[in-house]
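**Student:** All chains, full assembly: derive it from the sequences and hints.
Number of protein chains: 2
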Amino acid sequence: MDLQLPKSEYPRVVIVGGGFGGIELAKRLKNKPFQVVMLDKHNYHTFQPLLYQVATGGLEADSIAFPLRKIFKGQKNLIFRVTKVTEVNAAENCLQTDIGRINYDYLVIATGSTSNFFGNKEIEANAMPMKSIPEALDLRSLILQNFEKSLIEKDVHKKSALLNFVVVGGGPTGVETSGAIAELKKHVIPNDYPEMDFSKVNIYLIENSPELLGVMSPQAQKKAKDFLTDMGVQIMNETRVLGYDGHTLTLQDKAPILSSTVIWSAGVKGQVLAGLDKAEVVRGGRLKTDTQNLVVGYQNVYAIGDVAAIIDEETPNGHPGVAPAAIQQGHHLAKNLINIKENKPLEKFKYFDKGSMATVGRNKAVVDIGKIRFQGVFAWFTWMFVHLMTLVGFRNKIIVFVNWVWSYFSYDRGTRLIIRTFAKDRSVDYRDEVPAVKEEVKVS
Amino acid sequence: MDLQLPKSEYPRVVIVGGGFGGIELAKRLKNKPFQVVMLDKHNYHTFQPLLYQVATGGLEADSIAFPLRKIFKGQKNLIFRVTKVTEVNAAENCLQTDIGRINYDYLVIATGSTSNFFGNKEIEANAMPMKSIPEALDLRSLILQNFEKSLIEKDVHKKSALLNFVVVGGGPTGVETSGAIAELKKHVIPNDYPEMDFSKVNIYLIENSPELLGVMSPQAQKKAKDFLTDMGVQIMNETRVLGYDGHTLTLQDKAPILSSTVIWSAGVKGQVLAGLDKAEVVRGGRLKTDTQNLVVGYQNVYAIGDVAAIIDEETPNGHPGVAPAAIQQGHHLAKNLINIKENKPLEKFKYFDKGSMATVGRNKAVVDIGKIRFQGVFAWFTWMFVHLMTLVGFRNKIIVFVNWVWSYFSYDRGTRLIIRTFAKDRSVDYRDEVPAVKEEVKVS
Chain S
1 MDLQLPKSEY PRVVIVGGGF GGIELAKRLK NKPFQVVMLD KHNYHTFQPL LYQVATGGLE
61 ADSIAFPLRK IFKGQKNLIF RVTKVTEVNA AENCLQTDIG RINYDYLVIA TGSTSNFFGN
121 KEIEANAMPM KSIPEALDLR SLILQNFEKS LIEKDVHKKS ALLNFVVVGG GPTGVETSGA
181 IAELKKHVIP NDYPEMDFSK VNIYLIENSP ELLGVMSPQA QKKAKDFLTD MGVQIMNETR
241 VLGYDGHTLT LQDKAPILSS TVIWSAGVKG QVLAGLDKAE VVRGGRLKTD TQNLVVGYQN
301 VYAIGDVAAI IDEETPNGHP GVAPAAIQQG HHLAKNLINI KENKPLEKFK YFDKGSMATV
361 GRNKAVVDIG KIRFQGVFAW FTWMFVHLMT LVGFRNKIIV FVNWVWSYFS YDRGTRLIIR
421 TFAKDRSVDY RDEVPAVKEE VKVS
Chain V
1 MDLQLPKSEY PRVVIVGGGF GGIELAKRLK NKPFQVVMLD KHNYHTFQPL LYQVATGGLE
61 ADSIAFPLRK IFKGQKNLIF RVTKVTEVNA AENCLQTDIG RINYDYLVIA TGSTSNFFGN
121 KEIEANAMPM KSIPEALDLR SLILQNFEKS LIEKDVHKKS ALLNFVVVGG GPTGVETSGA
181 IAELKKHVIP NDYPEMDFSK VNIYLIENSP ELLGVMSPQA QKKAKDFLTD MGVQIMNETR
241 VLGYDGHTLT LQDKAPILSS TVIWSAGVKG QVLAGLDKAE VVRGGRLKTD TQNLVVGYQN
301 VYAIGDVAAI IDEETPNGHP GVAPAAIQQG HHLAKNLINI KENKPLEKFK YFDKGSMATV
361 GRNKAVVDIG KIRFQGVFAW FTWMFVHLMT LVGFRNKIIV FVNWVWSYFS YDRGTRLIIR
421 TFAKDRSVDY RDEVPAVKEE VKVS
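Note that the protein sequences, when read in sequence, are chains S and V. Mapping the first sequence onto UniProt numbering, position 47 (from 1) lands on 47, and the numbers just tick up by one. Mapping the second sequence onto UniProt numbering, position 196 (from 1) lands on 196, and the numbers just tick up by one.
Careful: at least some of the hints might be erroneous.
Since the list can't tell identical chains apart, any single copy or any two copies may satisfy a pair.
Think about it this way: if two alpha-carbon atoms lie no more than 30 Å apart in a straight line, the pair counts; the simulated DSSO-like pairs of lysine-lysine are [to be verified]:
1. Lys341 / Lys76
2. Lys186 / Lys76
3. Lys288 / Lys76
4. Lys131 / Lys149
5. Lys200 / Lys70
6. Lys121 / Lys350
7. Lys350 / Lys159
8. Lys70 / Lys154
9. Lys131 / Lys350
10. Lys41 / Lys371
11. Lys397 / Lys76
12. Lys149 / Lys70
13. Lys73 / Lys154
14. Lys7 / Lys30
15. Lys154 / Lys41
16. Lys200 / Lys41
17. Lys186 / Lys222
18. Lys27 / Lys84
19. Lys288 / Lys121
20. Lys70 / Lys397
21. Lys335 / Lys350
22. Lys131 / Lys41
23. Lys121 / Lys397
24. Lys200 / Lys254
25. Lys131 / Lys70
26. Lys149 / Lys121
27. Lys348 / Lys154
28. Lys154 / Lys186
Keep in mind the hints are simulated off the structure, nothing from the lab. Remember, predicted model here, so these are calculated numbers, not experimental data.
**Tutor:** As C-alpha cells, then:
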C-alpha cells in the first residue's frame with residue numbers, strides 16, 4: 001500500500017536518517033526544485049558525541065536530542081515521517097516502510113552506524129551498546145542499579161562483578177566513557193554511597209591494539225593514557241575480548257574479569273538497508289560509493305555519512321565516521337543534486353579534515369588539528385566549545401552549558417535517575433525503539 | 001532473609017516513600033538519636049506538581065526529579081535503599097521487601113497516592129495515569145505518536161480519535177494538563193505539522209461536578225473556566241465517564257467521544273501497604289490516623305502525607321493531599337518522635353493552609369491564599385515562583401527556569417522526544433518501575 005504524501009511537481013529525494021548528514025542535505029535543498037522526504041525511526045536528531053554523558057549521569061537525554069520537525073520548521077518542500085525502512089526496491093524506485101510504500105526519484109541512505117559486535121552473538125546479547133538515546137538511558141540505569149545492588153549483595157564474587165566496570169574499545173567513545181565513570185567514582189560515589197568501599201570500584205578500558213585513540217597523534221595517545229591512568233582507569237592494551245556471558249568477560253591469554261557492566265565501544269558498522277544486494281559493502285559494513293556519493297551499481301541511490309565509504313585512490317578506506325565528514329557529504333550531495341537538475345557537471349567530494357579530539361575528564365582533553373596538537377585545560381575548553389557550537393538547538397546549548405558549569409563548580413553530575421529500569425530478561429522490549437503500536441480504532 | 005543494615009545503638013525509624021513528607025521527616029531526624037532507613041521504589045524524588053509539563057513536552061524528566069541519595073548527603077544516621085515493600089508484619093515489627101526483611105522500631109508510611117480508577121478495570125487498562133516520571137514520559141510519547149499517526153491515517157474516524165485529547169477530572173492537574181495541550185495545539189502543532197488541519201484537534205476536559213477546581217474559590221473556578229474556554233478547551237461539567245476501551249470514551253447521557261488519548265486525573269487514592277489489615281482505611285484509600293499521625297490500631301506505625309487521613313472533629317475528612325500538608329506532617333512527626341525519645345508530651349498536628357493555585361497557560365493562573373484571591377499574569381508569576389522555590393535542587397531550579405524563560409520568548413516547548421515508545425500491548429512491561437532483574441553471577 002502506498003503511503004499518501006502531498007503531491008509535488010518536483011522530483012522526490014527520499015533521505016533515510018536524520019543524522020548530521022541527512023539534516024545538512026535536507027536543509028541545503030530548502031527552496032530548491034525538489035520534494036524532500038525525510039524518514040527516521042525517531043522523531044528526533046541525536047547528538048551522538050555526547051551520548052556518553054547521558055549514560056554517565058552528566059546530561060539529560062532531552063538536551064542532546066532535537067525534534068526533527070523543529071529543525072525543518074518552515075521548510076515547505078520537506079515532509080517528515082517517523083518510520084522504519086524495511087526494504088529498498090531499487091528496480092521499482094521505491095522503499096518499503098512500516099507505514100507503507102514510498103516512491104523516490106533519488107534515494108539517499110544516511111542511516112549512520114550501529115555497534116559492531118563482529119559476529120559475536122553472546123557479546124551482542126550481553127554487552128551494553130551506546131549508539132542511541134534509549135541505549136544511553138538503559139546504560140545509565142544499569143550503572144546506577146548495579147551500585148544499588150552492590151550494597152545488598154553478600155557474595156564477594158557477585159559484589160565484585162557489580163563494581164567492576166569494563167569499557168571495551170579505546171577510541172574516543174571508550175576513552176570518554178571510562179573517564180566519565182572514573183569521575184563518577186571519584187566525585188559522586190563517596191557522597192552518594194558512604195557505606196561503599198569505593199576502592200573496590202574498578203574501571204577497565206580494554207583495547208585490542210597497542211595504543212588508545214588510534215586515529216590521533218602519538219602525543220594525544222600518550223597524554224590520554226596518562227590522564228586515564230591518573231584517574232584510576234586500568235588500561236589493558238593488546239587485549240582481545242573473546243566473550244561475555246553477562247557476568248564473566250573472557251579475554252585471550254589473560255585472566256577473565258567478573259563484571260555486570262560491559263560497555264561496548266569497540267567498533268561500528270554501517271546500518272545498510274535490506275534490498276540493496278547489488279551494492280558492494282566494504283569494511284565496516286559501509287556502502288561503497290563513488291566520489292559523488294553514488295552507491296556503486298545504482299543510478300539514483302546515494303549514501304552519505306557513516307554508512308558510506310567513498311572509495312577512491314586517495315581514500316582507499318573511505319573517510320572517518322565523524323560528524324564533519326557526514327555534514328560535508330550532505331552539503332556536497334545537495335550541490336550535486338542541484339547540478340543534476342540544472343544539467344551542470346558534477347563535482348567530486350573533497351574532505352576537509354577538521355581534526356579530532358577527545359575529552360578524558362575535568363580539565364583533561366586531547367586535541368589534534370592538523371599539525372597543531374595540544375592537551376590539558378585549554379584542549380578541554382576547546383572540546384567543550386566545539387561541542388556546544390555543534391549541538392543542534394539554542395535551548396539545548398543553554399541547558400548543556402548550565403549542566404557543565406554546574407558540574408564544574410559542584411563536582412556533581414545532576415541526572416542520576418533510573419527512569420528506564422533496565423532488565424536484561426526484557427532487553428528486547430526495552431531496547432525496541434520503533435513505534436510498534438498497531439491500534440484498531442473501533443467506531444461506535 | 002534479613003536485609004543487612006549497619007548496626008546502630010538507636011531505635012530504627014523506617015520511612016517508606018521519598019516524597020515531600022518522607023524527605024521532610026528524614027531531614028528533621030538528622031543528628032537525632034535515631035537510625036533512619038528510607039525506602040523508595042525509585043532512586044529519586046519526584047516533584048509531582050510539574051509532571052504535567054513533562055507529559056506535554058515542556059520540561060525534561062530529569063529537571064523535576066532529584067536523586068534521593070543526594071538529598072541525604074552527609075546525613076550519617078540515614079540509610080537509603082531502592083526497594084519495593086511487599087508487606088508489613090506489624091506483629092513482629094518488620095517489613096517484607098524485595099531485597100529482604102527489615103525490622104523497625106517505628107514505621108512511617110509515606111507512600112503517597114496513586115491514580116484512583118474507582119474500580120473500573122477497563123478505564124485503568126486504557127486511560128493514561130500521570131503520577132510518576134515513567135507515566136509522564138509514556139504520556140508524552142503517546143501524544144506525540146498520535147500526532148505522527150494522524151498524518152498517515154486515512155480513515156476519518158480513526159484520524160479523529162487520534163486528534164481528540166480527553167482529560168478526565170477538573171482538579172488542578174486536569175486544568176493544567178488540558179491547558180498545556182491547548183498550548184501545544186496553538187504554538188507547536190502549526191509549526192511542527194504544517195500538513196495538519198489543526199482545527200481538527202480537539203481538547204476535552206470532563207468533570208463530574210458542576211465546577212472545575214472544586215477546592216478553590218468561586219472566582220478562581222470561574223476564571224479558570226474562562227481561560228480554558230478562550231484557549232479552545234471544551235469543558236464538559238456534570239459529565240460522568242462510564243468506560244473507555246482505548247478508542248471510545250463512553251459517557252452517561254451524552255454522546256461518546258472517539259479518542260486515542262484519555263488522560264486520567266479524576267482522583268487519587270492512598271497507596272496502602274499490604275498487611276495493615278487492622279488499620280482503618282477511610283475515603284480515598286487513606287489510613288485513618290490520630291492527631292499525632294499514629295495509624296489507628298497500632299502503637300508504632302505512623303502515616304503522613306497523601307496516604308494519611310488525620311480524622312478529628314476539626315478535620316472529618318483529613319487534610320488535603322498537597323505538598324504543604326505532607327511537609328508539615330513530616331516536620332511534626334519528627335518533633336513527636338523526638339518527644340517520645342525524651343519522654344516529653346506529644347503535640348497535636350495543626351495544619352497551616354498555604355492556599356492553592358493552578359496554572360492554565362501563558363500569563364494565566366489562579367491563586368487563592370486565604371481571603372486573597374487573584375488571577376491572570378501576576379498569579380502566573382506567583383505560581384512559577386512558588387514552584388521554582390519548592391523544587392528540590394539548585395540545578396533543577398536553574399534548568400526549569402531556563403526552560404520557562406525559553407518557552408516564554410519562543411512560544412516553544414523544547415522536549416518533544418519519543419524516548420519511551422509507548423505501546424499499549426506492552427504496557428505492563430513499560431510501566432513497571434521496580435528493578436526486576438534477578439541476575440545470577442557465575443563465578444568462573
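**Student:** Determine for every hint whether it applies to the structure shown.
**Tutor:** Cross-check of the supplied hints:
In the homo-oligomer, the alpha carbons of Lys341 and Lys76 lie at most 30 Å apart inside one protomer (19 Å), although the nearest pairing across protomers, at 72 Å, exceeds that limit. For the homomeric pair Lys186 and Lys76, the shortest alpha-carbon distance between copies (19 Å) is at most 30 Å, but the shortest distance inside one copy (51 Å) is not. For a Cα distance limit of 30 Å, the shortest separation of Lys288 from Lys76 qualifies neither inside one copy, at 32 Å, nor across copies, at 61 Å. Taking the shortest alpha-carbon separations for Lys131 and Lys149, both the intra-copy value of 26 Å and the inter-copy value of 26 Å come in at or below 30 Å.
Taking the shortest Cα distances, Lys200 and Lys70 sit within 30 Å of each other only across copies (21 Å), while inside one copy they are farther apart (46 Å). In this assembly of identical chains, the alpha carbons of Lys121 and Lys350 never lie at most 30 Å apart, being 38 Å within a copy and 63 Å across copies at closest. For the identical chains of this complex, Lys350 and Lys159 are neighbours neither inside a copy (52 Å) nor across copies (47 Å), given an alpha-carbon limit of 30 Å. When the C-alpha separation of Lys70 and Lys154 is checked against a cutoff of 30 Å, the pair qualifies only between copies, where the shortest distance is 25 Å, while the shortest distance within a copy is 50 Å.
Only within a single protomer do Lys131 and Lys350 lie at most 30 Å apart by alpha-carbon distance; the minimum there is 27 Å, versus 54 Å between protomers. In this homomeric assembly, Lys41 and Lys371 never come within 30 Å of each other (Cα to Cα): the closest approach is 40 Å inside a single copy and 53 Å across copies. In the homo-oligomer, the alpha carbons of Lys397 and Lys76 lie at most 30 Å apart inside one protomer (26 Å), although the nearest pairing across protomers, at 38 Å, exceeds that limit. Taking the shortest alpha-carbon separations for Lys149 and Lys70, only the inter-copy value of 18 Å comes in at or below 30 Å, while the best intra-copy value is 41 Å.
When the C-alpha separation of Lys73 and Lys154 is checked against a cutoff of 30 Å, the pair qualifies only between copies, where the shortest distance is 24 Å, while the shortest distance within a copy is 55 Å. For a Cα distance limit of 30 Å, the shortest separation of Lys7 from Lys30 inside one copy, 17 Å, qualifies, whereas the shortest one across copies, 68 Å, does not. Taking identical chains as interchangeable, the C-alpha atoms of Lys154 and Lys41 lie at most 30 Å apart only when they sit on different chains, with a minimum of 21 Å there against 43 Å within one chain. When the C-alpha separation of Lys200 and Lys41 is checked against a cutoff of 30 Å, the pair qualifies only between copies, where the shortest distance is 26 Å, while the shortest distance within a copy is 41 Å.
In this assembly of identical chains, Lys186 and Lys222 lie within 30 Å of each other by CA distance solely inside one copy; the values are 22 Å within and 55 Å between copies. With identical chains, the CA atoms of Lys27 and Lys84 are at most 30 Å apart within one copy only, with a shortest distance of 21 Å there and 49 Å across copies. For the identical chains of this complex, Lys288 and Lys121 are intra-copy neighbours only, at 26 Å inside a copy versus 56 Å across copies, given an alpha-carbon limit of 30 Å. In this assembly of identical chains, the alpha carbons of Lys70 and Lys397 lie at most 30 Å apart whether taken from the same copy (15 Å) or from different copies (26 Å).
Only within a single protomer do Lys335 and Lys350 lie at most 30 Å apart by alpha-carbon distance; the minimum there is 13 Å, versus 73 Å between protomers. In this homomeric assembly, Lys131 and Lys41 come within 30 Å of each other (Cα to Cα) both inside a single copy, at 14 Å, and across copies, at 28 Å. In this assembly of identical chains, the alpha carbons of Lys121 and Lys397 never lie at most 30 Å apart, being 38 Å within a copy and 45 Å across copies at closest. For the homomeric pair Lys200 and Lys254, the shortest alpha-carbon distance inside one copy (20 Å) is at most 30 Å, but the shortest distance between copies (65 Å) is not.
When the C-alpha separation of Lys131 and Lys70 is checked against a cutoff of 30 Å, the pair qualifies both within a copy, at 22 Å, and between copies, at 29 Å. In this assembly of identical chains, Lys149 and Lys121 lie within 30 Å of each other by CA distance solely inside one copy; the values are 27 Å within and 35 Å between copies. Taking the closest pair of Cα atoms, Lys348 and Lys154 never come within 30 Å of each other, the shortest separation being 63 Å inside a single copy and 43 Å across copies. In this assembly of identical chains, the alpha carbons of Lys154 and Lys186 lie at most 30 Å apart only when taken from the same copy (24 Å versus 56 Å across copies).
In summary, the structure is inconsistent with hints 3, 6, 7, 10, 23 and 27 from the numbered list given earlier, while agreeing with the others.
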